[in-house]
Amino acid sequence: MIRTIGAQLRKGVAEYCVLGAVSSEPMYGWQLAETLGERGLVGGVGTLYPILTRLRDSGLVRSFMSESTTGPARRYYEITPAGTKQLGEFRREWLPFVDAVNQTVGGANVE
Amino acid sequence: MNETQPQAEVDRYLERLDRALVGLPSGTALEIRDGIAEELSVLDPTSVHERIVQLGDPAQIAAEAKAQSMPESGEGVAARRSVAYVIATGAVIGFGGVVVPLIGWLVGLAMLWVSPVWHRWEKVVAPAASVLVAGISYLTVSGIAQGQATSVAAVVSVALGTAAVLFGLANILIALWLVLVGLRRVR
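If you read the sequences in order, they're chains V and F.
Position 53 of the first sequence, counting from 1, maps to 53 under my numbering, and the rest follow consecutively.
So the number in my numbering is just where the residue sits in the second sequence, counting from 1, plus 1000.
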């Protein structure tokens, strides 16, 4: 049951977490998978790449190949203006939502 | 360490990944495959094994991706990635246009496009190639026939007839290619 709750919650916010991650700087696939995976926000590359595909098809991120001085070129993902706008709208919704959930479910005495 | 061992391990891993990704939307499958191949290609040989362990079982990667990508499930999707469907699609593309001119071919293309077995570029190249063959043959034959025929109707007739035959032959070859590629992925 707990594992299902976590999966449900992640499913709802995973795309916005990817947008948030690339909003500060372009990132490549494995870098995103590690960053978001460490925080428990995506399961792995199998979860991440479909999200990236959806975001790219929606015009919220774009990808580009970038040469590296230390090795072969990598594909990076960066946020688009439309993605920045979408992320801003999510941020405006998120905090009031979190407050409302906290008030509703309580939580002070729950481990 | 033998320099070919890490590459062999990468090749084996990518082969397992390719088999596991069959059935996913082609764009997603390609993105996963390219991303993982790219990551493994930039590592020094001593780090490859560790990264492959971190990536995990390709079946698990595919299962996660399918859970994300495919809201529909069940018999319909499974049917469109079966051996029988691959063969039927090839047969309709190769010979459907002979049974029901043009429409039969279009039905075959529709079967091709709704199946997750083939990649998007294959779905574009297949019809484009046969149309290109027909177009080039029409222009070539009409150019040759103009110097020899007595009427425009005769020129057009010869050119169209040749283009139709070559279009049909091209479709058979393309259908064979699609079937071979498709069977490799669904088996």
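FYI, nobody ran anything at the bench for these hints, they're computed from the structure.
Using N, Cα and C, we set each Cβ at its ideal position, and we do this for glycine too.
Keep in mind that a hint or two might mislead.
Computed footprint of chain F on chain V, listed as stretches where at least three residues anywhere in the stretch have a Cβ under 8 Å from a Cβ of chain F [what the hints assert, rightly or not]:
| no. | stretch |
| --- | --- |
| 1 | 15-27 |
| 2 | 36-46 |
| 3 | 89-101 |
Here's a subset of chain F near chain V, in silico, CB distances under 8 Å, partners left out [claimed, not checked]:
| no. | residue |
| --- | --- |
| 4 | V1042 |
| 5 | P1045 |
| 6 | A1065 |
The stretch 15-27 of chain V covered by chain F? Criterion: 3 or more residues, Cβ-Cβ distance below 8 Å. Result for this restraint: violated, n = 0.
Are at least 3 residues of the stretch 89-101 of chain V within less than 8 Å of chain F when you compare beta carbons? Per the Cβ count (0), the hint is violated.
Examine the stretch 36-46 of chain V: at least three residues should have C-beta closer than 8 Å to a C-beta of chain F. n = 4 at 8 Å, threshold three: holds.
With 8 Å as the cut and Cβ atoms as the points, is P1045 (chain F) at the interface with chain V? This interface hint is violated because 12 Å lies over the 8 Å limit.
Supplied contact hint for V1042 (chain F), tested at 8 Å Cβ to chain V: The hint holds - V1042 (chain F) has a Cβ within 8 Å of chain V, the shortest such distance being about 4 Å.
Are A1065 (chain F) and chain V close enough, Cβ to Cβ, to be under 8 Å, as the hint says? holds, 4 Å
In this structure, the earlier hints numbered 1, 3, 5 are contradicted, and the remaining ones agree with it.
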